[in-house]
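Going down the list, the protein sequences come from chains B and F.
FYI, the numbering used here numbers position 492 of the first sequence as 492, with every residue one higher than the one before it.
FYI, the numbering used here numbers position 23 of the second sequence as 1023, with every residue one higher than the one before it.
Here are some, though not all, of the chain F residues that point toward chain B, as calculated from beta-carbon distances under 8 angstroms:
id, residue
1, Ala1081
2, Tyr1082
3, Ser1101
4, Ser1102
5, Leu1104
Derived from the structure by calculation, the hints contain no laboratory data.
We treat Cβ as the ideally placed atom computed from N, Cα and C, and that holds for glycine.
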Amino acid sequence: MLIKKILLNLSLYIPDVALILFLTEEGVFVPEERSHFVVVLVYFLIKISLHNIVAFFCFIKPYSAVKDILLQFQRGRYSMADSAHVLKPSACFGDLFELLRSTGRYLDNLVGSQNDEIEKFRELYNNVILSANSYFVVLNARDEVIFANKSFSANFRYTDDEILGLRLEDIFYIIPGRFSDAIDNVKKRGQSAVLRKIKLISRRKISLIADIKISRVTVQGEKQYIIVMDDITSQWRKDYQISLISQISESLQRDEEVERILYAILTAVTSGSGLGFNRAMLFLYNEQKKILTGKMAVGPDSMEEAVQIWGSVQNEELNLLGGGPDAPPVLQTNGAFYKQVVTSNFAINGNTLFADVFNKRAPVHIYDAASDPRVDPETRKFMDVSEFVVVPLCSANKALGVVVADNKFNGAPIYEDHVELLSIFAVQASLSIDSYNSLSSVKERMEHIQAKQEAIVESEKMAAVGRIAAHIAHEIRNPLVTVGGYARRILQSVKKPQKTVEDIEKAASIILHESERLEKILSNVMDFSRPSPLIREYNNLNDVVKDTYYLLKNVLQERKITATLDLEQKLPLVKSDFNQLKQVVLNLLQNAMDATPAGGSVILKTGLTETHIYIRIKDSGTGISPEAMDKIFDPFFTSKITGVGLGLAVVKKIVNDHNGEIVISNNPEGGCQFSVELLRPS
Amino acid sequence: MSRILLVEDEKNQRELYAAELRDDGYEVEEASDGKMAVEKVKSNKYDLVVLDIRMPEMDGIEALGKILSRDKKIPIVIHTAYSNYKSNFMTWTADAYVTKSSNLDELKTKIAEILAARGQA
Ligand SMILES: Nc1ncnc2c1ncn2[C@@H]1O[C@H](COP(=O)(O)OP(=O)(O)OP(=O)(O)O)[C@@H](O)[C@H]1O
Ligand SMILES: [Mg+2]
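Chain F on its own, in the form it takes in the complex:
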């Protein structure tokens, strides 16, 4: 069973995504900001990180850098409400970008694809 770290500052959303991913059979751990995410990555092993961008304390971009500097190979899916990030963000560092939607199909498909490609599905 794959372990996913879900990083999201909005509690209601985090609980929604966690519940949905758990329903799909993933083991999900939650972090409410970038700093906490970095801490967790330091002490645990995850198969994938779902990362929000706009967060207090440490935003997603900074967290992305820190996580990657610790573990270059960990797959990261950026999950944000910004729709114009694709032209701006460091497109080459994350593995996928998903714009937040009430329909989680895109997110779930991307996660499944990445994990399958890594042979961990």
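With the rest of the complex left out, here is chain B:
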């Protein structure tokens, strides 16, 4: 390169050398002559100097300026604000320089706008990945976290930096086999995996149930694993709690063994996937000593044990009392916590929190035991935790004790709905204790009632048969009469030739139509006699009322009776059978309509009392005389021409099945009111 440069430079002197050779030939220049030699030497020196000066000013400066620009281009900088060399446009190659600068500006714009695009994309990506509700984490081939979104780190209580480099084992206490197997599988095969309902508990004491998706990506030659977790804890828990409650109330119905039930309830209160309380304790009232005595306690002694309990309820169906492989561990009566509770007493006339809850029969939710004035020093020391709830146990007429629950080990906040559910459990517990306490007398009464009830059921069955029979008789007789009548006419027409073919055709088509109607009636009858289902769903009584009202709306209009709905919007759901309750409202509404003259009114109202939830049907009709009052529930008692007298008998049976009551009153302004009152879930 250098040689080439030198040769090129030297080539500039070829004409000079040629001229000197020529002049030497001609004898003008004599190299031996010293003065001649000096002249030539000076000539060359001047020429070389001039050459270099010209080159410097004309080429070197623009050269380095251009080189500078191109070097900057190479570095990705296209705007020339800080370029070291500047050429005036008028300078040598100035136009070229300007051209380069404008090219630079153009490139700068182009890249700049692209940056905007990239920035926008990044923002979008951040929004989606970083702040998505799902937990999102990326592992490298060595199982270390190289990225986690905000939800992930926030939920598991890590800062963004802390989490980098951790492994899943560092974050989670237990990684279920299904989860680790799936990760191994994804690593080996590269196929994505989706896991449902994985239960996880983190080392920082966060527990959750999640749907998990694992997939493999390859980034710059390295394999990475993306794990997305969708938190389904609350939804799952809700379903689970509902099934727990129904399991418990079922078990209450078939099991009088109070200890086992109480234990089952406390286990349900504490099992990680049940109500999720860490600990639950039961104190019962001792009437002689006037104290609340620790009776039972469920909960771990330590964090390690808490984790173990959590692990034991990994099974999806927790069969509380079945005693099968999924049954909860047997009551540990040697744990430190259990011992602490069963050796504790609180006097009910002392100034302790538990005594207060017991006496006032209202639940208390303590958020900060240290500063809450309701918490006495004794309780503070006993609980040794800042947040807990105390729920009274009371049966219909007396207080029985208190249930206490907390989240000592994971410090999770206690939500209002959990307190509510705990209260439901407390009611269930009260019922079982109550029935246990009066078991013998109840047994006696039960036998008595059962005998009576069997008789009632028997007579009601008969009544139902009679009602159905009467109904069917009327419904069937009509089409039957028509069919027979027209058949007779066809027969006669054979004898009487004046009858036309059209007459016969018409008669036959009517016969056909009426027999179809008969078939329909019969299939309706089949529906009617189908056995009624069990009472196990939770229903909104407002829906029952509305549904029934719409059924009779047209009839009400026809009879010129004004019907008004007055529905309490905040009704708790009631365990009931929807269709049976509809039958109740239907019968009562029909009776109200029958009793009310045109221009009268009927009011359908739902609402709550302290203990009950009710549906009231009030009419402006005839009212019920004192003599009739005693008889109206009797099967077949009726004052109506077309009445069968079973409407109220059926109402009574259904309401009894729901453990409810019917209250009847005549209104001072005329007419009467039927109130169906069901136990309010507390």
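Let chain B serve as the given structure and place chain F with the ligands on it in line with the hints.
For chain F with the ligands alone, kept in the frame of chain B given last:
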């Protein structure tokens, strides 16, 4: 010729009874519910009313009361698919009760008897 008002809500049945009674030589007018029957009785003269019980708008019992309050002497035959009405219904107000049957002989005999007793046969 005697005029009969036939009150029956089921069209097929009404047409059947009307045809049969006409075949027997009666003049028959039809009404499809209690209300219409009461209207007709107000503006026309009938020798007898055949009255169904279960009907929309106004049932047979109410119509019975209204018709009788207009004309105490008009003979009424109750004609119904209920077979247990006899112990319940206001037995003393109507002149006869006939349970519906595909055989219209009973109905026809009762009508003939009542009209004969009134001397209008
Ligand atoms: N809202 C009411 N106002 C006045 N009397 C009523 C009312 N509800 C019921 N009764 C009286 O109670 C009686 C029994 O009612 P119930 O519903 O058992 O039978 P029913 O209505 O007569 O016949 P069905 O079996 O068709 O319902 C009625 O015949 C009526 O005399
Ligand atoms: Mg009724």
